[in-house]
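Enquirer: Sequence:
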Amino acid sequence: MTGTDAGAEELTEQYLATIEPGLQFVPTDREITEFIERPYASSPELLAEWRAINAQAPKS
Numbered sequence: 113m114t115g116t117d118a119g120a121e122e123l124t125e126q127y128l129a130t131i132e133p134g135l136q137f138v139p140t141d142r143e144i145t146e147f148i149e150r151p152y153a154s155s156p157e158l159l160a161e162w163r164a165i166n167a168q169a170p171k172s
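Numbering (our numbering), first residue to last: 113 to 172.
Worth double-checking, as some hints may not be accurate.
As the list claims (entries may be wrong) - Taking CB as the label site, the calculated pair distances span:
hint: 1; residue 1: Glu157; residue 2: Ile131; range: 27 to 33 Å
hint: 2; residue 1: Val138; residue 2: Ala160; range: 14 to 20 Å
hint: 3; residue 1: Gln168; residue 2: Asp141; range: 17 to 23 Å
hint: 4; residue 1: Ile165; residue 2: Val138; range: 24 to 30 Å
hint: 5; residue 1: Ala169; residue 2: Glu146; range: 15 to 21 Å
Derived from the structure by calculation, the hints contain no laboratory data. C-beta: ideal position from N, C-alpha, C; glycine also.
Using the sequences provided together with the hints, build the complete structure.
Expert: Listed below in structure tokens is the structure:
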């Protein structure tokens with residue numbers, strides 16, 4: 113997972129919780145990223161700011 117976003121683990125868990133239990137579905141990195149970006153999608157300025165901050169985060 114590429115979770116450099118602050119709170120990415122929590123958001124990933126929220127994403128996984130939206131899937132019916134027992135489905136054994138593993139989301140791709142892109143699907144997780146889209147889920148994390150969704151709250152910012154309505155505002156291009158917020159999304160650009162989020163991406164800039166995320167790009168500066170240390171990679172693990």
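Enquirer: Could you run down the list of hints and mark each one as holding or not?
Expert: The hints, checked one at a time:
Our hint of 27 to 33 Å for Glu157 and Ile131 holds, since their Cβ atoms are close to 31 Å apart. Distance hint for Val138 and Ala160: a CB-CB separation of about 30 Å, inconsistent with the stated range 14 to 20 Å. In this structure the hint that Gln168 and Asp141 lie 17 to 23 Å apart at CB holds, the actual value being about 19 Å. For Ile165 and Val138, the Cβ-Cβ distance of about 27 Å falls inside the hinted range of 24 to 30 Å, so the restraint holds.
For the pair Ala169 and Glu146, the beta carbons lie near 18 Å from each other, so the given range of 15 to 21 Å is met.
Of the numbered hints listed earlier, the single one contradicted by the structure is hint 2.
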